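Novice: Spelled out from the first residue to the last, the chains are:
Number of protein chains: 4
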Amino acid sequence: MTLPIDATLIAARNDAEQRAVRSDYAHLGEQLERRGIQIDQVREQVARFGVAIPSWGVGTGGTRFARFPGQGEPRHVFDKLQDCGVIQQLARATPTVSLHIPWDKCSDWGELREAAGFHGLGFDAINSNTFSDQPGQAHSYKFGSLSHTDAATRAQAVEHNLECIEIGQQIGSKALTVWVGDGSNFPGQQHFRRAFDRYLESARQIYAALPGDWRMMLEHKICEPAFYSTVIQDWGSSLMAAQLLGPKAQCLVDLGHHAPNVNIELILARLLSADKLAGFHFNDSKYGDDDLDAGSVSPYRLFLVFNELVAAAKEGLAFDPAYMLDQSHNVTDPIESLMTSAIQVQRSYAQALLVDRAALDAAQEANDALTATHLLKQAFQTDVTPLLQRVRLDGGGAIDPVATYRASGYRNRVAQTRPAAAGGGGGIV
Amino acid sequence: MTLPIDATLIAARNDAEQRAVRSDYAHLGEQLERRGIQIDQVREQVARFGVAIPSWGVGTGGTRFARFPGQGEPRHVFDKLQDCGVIQQLARATPTVSLHIPWDKCSDWGELREAAGFHGLGFDAINSNTFSDQPGQAHSYKFGSLSHTDAATRAQAVEHNLECIEIGQQIGSKALTVWVGDGSNFPGQQHFRRAFDRYLESARQIYAALPGDWRMMLEHKICEPAFYSTVIQDWGSSLMAAQLLGPKAQCLVDLGHHAPNVNIELILARLLSADKLAGFHFNDSKYGDDDLDAGSVSPYRLFLVFNELVAAAKEGLAFDPAYMLDQSHNVTDPIESLMTSAIQVQRSYAQALLVDRAALDAAQEANDALTATHLLKQAFQTDVTPLLQRVRLDGGGAIDPVATYRASGYRNRVAQTRPAAAGGGGGIV
Amino acid sequence: MTLPIDATLIAARNDAEQRAVRSDYAHLGEQLERRGIQIDQVREQVARFGVAIPSWGVGTGGTRFARFPGQGEPRHVFDKLQDCGVIQQLARATPTVSLHIPWDKCSDWGELREAAGFHGLGFDAINSNTFSDQPGQAHSYKFGSLSHTDAATRAQAVEHNLECIEIGQQIGSKALTVWVGDGSNFPGQQHFRRAFDRYLESARQIYAALPGDWRMMLEHKICEPAFYSTVIQDWGSSLMAAQLLGPKAQCLVDLGHHAPNVNIELILARLLSADKLAGFHFNDSKYGDDDLDAGSVSPYRLFLVFNELVAAAKEGLAFDPAYMLDQSHNVTDPIESLMTSAIQVQRSYAQALLVDRAALDAAQEANDALTATHLLKQAFQTDVTPLLQRVRLDGGGAIDPVATYRASGYRNRVAQTRPAAAGGGGGIV
Amino acid sequence: MTLPIDATLIAARNDAEQRAVRSDYAHLGEQLERRGIQIDQVREQVARFGVAIPSWGVGTGGTRFARFPGQGEPRHVFDKLQDCGVIQQLARATPTVSLHIPWDKCSDWGELREAAGFHGLGFDAINSNTFSDQPGQAHSYKFGSLSHTDAATRAQAVEHNLECIEIGQQIGSKALTVWVGDGSNFPGQQHFRRAFDRYLESARQIYAALPGDWRMMLEHKICEPAFYSTVIQDWGSSLMAAQLLGPKAQCLVDLGHHAPNVNIELILARLLSADKLAGFHFNDSKYGDDDLDAGSVSPYRLFLVFNELVAAAKEGLAFDPAYMLDQSHNVTDPIESLMTSAIQVQRSYAQALLVDRAALDAAQEANDALTATHLLKQAFQTDVTPLLQRVRLDGGGAIDPVATYRASGYRNRVAQTRPAAAGGGGGIV
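Protein chains in written order, with the working numbering: chain A, 1 to 429; chain H, 1 to 429; chain X, 1 to 429; chain Z, 1 to 429.
Pulled out of the complex, with its shape left as it was, chain A reads as follows (with noise of 0.2 Å):
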């Protein structure tokens, strides 16, 4: 058995551009010399950065109108992991995989964790789904899962959690992410205080199962599928929720589940503040949960959220946040999208860790606001692309991901053996 990119490929393929990342690494090593930043650090750090990809992300997405599939769809979560290798093997930016449960499920997690251990590959916190009813299901979701009216559906829906938590030891899991798509369509429709115990009540009795490790990272959405009130509608309401639930309860950001206009580096420096930040789902957007490409839309925002984080590790702040993507691929090869992703998340990272935080404290305690702010798009104009290269060229990756990718003719391959995928449009307008 071999990796699914032929590492022949990949070396042909880096040779040919090694001599200029060689000389641009060079130069920039030079400029950040002039700075006071040793690139080399820089660089080690950057090298042990991660960023966990969703199972679900390798599919081709959808909106409610249609869904428009690619060729050689993931069929299960083996197809899945595979995908995830090549992301990994060209990138070298996403060491973990994060699955999804029911869909991921498989009669022989042994062989699942031997499969990711062959491409290198760890799991990153679990997720439950109890916004959509699976065939045979007992008690429906359409009203609510662990918020809802009905005490049996809860049961349910708690068991499920539960359930998560138990595959999620078996593949070495130490957190559990819960969304629920619960909420209301109606003013009236539902009791938003009694919504809000119910919730509780059923989280308690999934807290209480939590490994001694574990978190669990409660994920709040200011709308959809709800589209007139949500059960955790921001961060207010995800960290009282924390906060009732206890040390273990965390409060993850999803970067496209918030009001307009909102400053989202500013609600994760209070969650820091509060030592609550459990994590990030990244994407973008620019009109609503898009779930676009990290970056792709807003990627000065994308910056200034790992200075926040960068700072807050600097200064000692106790806090290990998770980072995953959680995007939706519509319109591009999932693959492509989510190398190119991890490398515009790393890129916020590299540039947040060039940021001179000694004239920047001088420049905050002077009140010298254009000095502040220049300080942070100096770091975020440099142009950190051969420091990257270089990350990937050590650890064995590609130069250029995706050129690379393209040239192996994976994805041809691979819709050999996986049947076209039904598209076609909801029904739904």
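Source of the hints: derived by calculation from the structure; they are not laboratory data. Source: prediction; values computed, not measured. We put the CB at the ideal spot given by N, CA and C, even for glycine. It is possible that part of the hints are untrue.
Coverage of chain A stretches by chain Z, computed from C-beta distances (three or more under 8 Å per stretch; other residues unrestricted) [unchecked claim]: (1) 16–25; (2) 29–38; (3) 237–248; (4) 257–263; (5) 321–335.
Assemble chains H, X and Z onto chain A, guided by the hints.
Specialist: Showing chains H, X and Z alone in chain A's frame:
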């Protein structure tokens, strides 16, 4: 063959409530009399008002996350027509149905027309669909339809619209509504000006095929399914296209297709000034294109829309707006939601008829903002429920359509012949 | 000394309208009786309801672009109090006034208390101001106040708040409202966590000085005057601060201080769950913190706020919300706007009292969304005008306060002693 | 008489940095060479680029809450011109100034022209003001100007614009920018269609007075100072007005005048298609019309604007956009902010020149969204700092304008002759 709801049930329920309705109506008449309004004249105008039902509206809607069907979902256009018949029989405010091709295609349009006639229904604008692929379709709409870069795909989309016109002619429609999902998810994906030019080129071919007494209604939308840009993103682009196409092309306003905070009643005023207002797709929204029930979240906004329309009509502007409900019923019985929504739209129209236009003109001229806005509020705060009840009662409908519908057992009855629909998740996150 | 509006004028105008009011009231009573509601009980509850007037509200407001003063602008707190007296005399819904320091400082608080007593007015929460500089002030608030990087500036801001408490004690206030303009205009300008810590440190000193029966009301705001970040940007940060300060600290909700689309009634439900709801600053908005008249754009939203409050009160939750109007009257006579707005708030409260709570509970339990939302709409659509008119009539006020005020010639009268105010542009674009 | 900043200071500071700049420039040249781009050609294009400074921009701005002036605020148009001279001397990207009447009126326009010439400055579009009242003005603009219900007020506003044209002719302007604050704060306050008609009637009179080689630039704005509706609320209304006025009327896009989430680069593409793009007012915003420094929050959006402009120019479209900074500098030294912002705008233009247009065309044709967006990102991620530094160096400016400005002591120097400006609060909440 009989109408779907037993007439004796309707009569019996009406009898129990008639006395209260007549007393309330009489008192409302007294109140309006004091304001110089003859209630019977208003009632007659309201009785002539109607809003179309979209054929797809009688099925349970969903989101990209899941769809939770109800009992007795309609199987085909004849089932849909029967459900529309129930709505019209009880609520008397929805004399027409708007079809969606290809979903509503049938082998015998004459039979369909006859079925509609039996329910006292006509056909409103016909809607094309080029936002999702159908089985066996030659060219995919994944990357657009009327504005696709590929000429063959554009030709296919044009051809589909021509077929819609032909169908429309067979059932008595007088308008084609064109909404496309075309757009992009990434900066750079689409050449904005060229895509617009291609859209126009395709639209011109459709326009050329319009019968003499038809209209082409262009529908704009800020986003979804495309999440970075759309080809007809707002009323400005829609106006440009309609101007370039010709007098039969007009702009359709869906209340949920705008950026946050946008003043929709002002947009319709501008379209009236430009003589380009085609009509409306009614629904309500809190966050985006939520497709909630009309007036369920922002009833005053719906009133303000009708305030503009009534004012323009009174001033003698020549325009003939098409009205349709365009909602996604995810958590209610679609028949109940459509009856309630039609009555809400009718209510807004009735209230707008009560505005003292002469006093409003005077207050506007004098910049007496407080009086001007009070005149609108006075009309909006008037409880026109008895007036609407009388319109239904006089028309043979039900004073309380939802209660009567529930008492009729219609949903259970059709569930016996209509098989349970598959729900489940889109698996799309 | 007599009340500002001639009692015989009020009586004469009321006489002309009384008969219609009593007829309407009687018929409304019949309608409510059919729903199992005793109108007189509702009327008594409504008669006990009051909302505070902010002293600054009786002056004409403006924007950064310009201010266009009206005739007879109040010169000082005694003029303001007289205008508040007019409002309360005619509309009977605003028994208290909320002062703003330093603008309302006067040399004899006893005299002010006496003047208020003459008008039947008391004093509500007192408001500090550290968002603008005063002549002769030692340290500028250009870069913040309670969260300023400079300790001396923070101390000055704390000191000002302590003075406000002292003044409040002299006039009978029981709460201090703290809103700060602190924040930043550039990414990087402010260290988010440190600024929050500094705010807390200052707030603790103010909290420590609160009399035993006082509350400290923290007001959040997403932006303006700071346009990139604010220190208390949303209810989440406000909650964190209130929790850290102690039980006397609570969160004040201004309806215009949120991101677009945010569900405010849901926020207040969460604050009720957390036992941290201080109260409201009422106004309306279409685009941002527009400070438009309460309920002038979104009357249903205002109703939904009261629906939550009435439900919570009925369920026995212990809370005591402060209500204040906080509006900017740029194009109307402030007295007219404040009377109208107070009545609009009162209307929303009255309508919320009409909701059939038992039926709503049942519909919510059964996930009958359509019935649940209909129950709210039924209450909202009820025209409670005659009930509100009766409350004013019984309380010695005017059936039609605006018409009576206009007939009184009050504005022209005071314009003779109050000199014309300077307007003009801020020169700020 | 000498230029405001000592040339020897500039030279000395440049000398210290030149070597690094030349090294970075050379390496950037190598990188671009690999992409087939000649850096010197790009540099020449960038050197020809300029953006106008608004005369009001050199004064400290404020909000309705407060204004906190800095030291040495300019007293009159000659002081303003001197500050603009500093900006142009150091940053070499702002060759023109845009005046605002009546604030910039002076008794001798020839003297002003001469002063401008001394600083190497010309005059760009002239701006009228009918959104605030001036002392002694006959008719108030409280309720509108060009669209006022009163004919005399409209005539006064037209007259003011005609005077602006006359002044503009004396100083060499070739365009009049018309922005009005006209609109309404309450539903019903204004008759939408009539107000638009009155605006057009007034605008036609101004248009008729335009010299043959002038343009009339119409500026739209969604809200503020009017908070319910505005007369030219968006580009759609602006387009309608420009079409009705004639070919010399075009639409000006201020980046902060749109609804949340709106795609501005798409709007400008539409205006290009309609041959109606006048130009831009550059600034940045997070929440509304925040008037933050250009590119300070969303640098990628600014790049995407220039990407459209560069593409259109390359495709041979005939258009001549006017560029102006329109910002409110509340917490920075306006000279520093304007230099930085001009360079940020210049940076975006330079980056847009680097996009591989042929490859982008191909990717767009092939619907290769990932490649297309990567091509934009590649250009945006390129650090063009050394190129911009070289442009300044070659033009006689400063490599680091802000540091040089600070070293010059200019602000302290002018503070000695310019008296401290009054700040304080607007008293408007």
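Novice: Now, for every hint given, state plainly whether the structure supports it.
Specialist: Right, here's what the structure says about each hint:
1. 16–25: holds (count 3)
2. 29–38: holds (count 3)
3. 237–248: violated (count 0)
4. 257–263: holds (count 3)
5. 321–335: The restraint on the segment 321–335 of chain A holds, since 3 of its residues have a Cβ under 8 Å from chain Z and three suffice.
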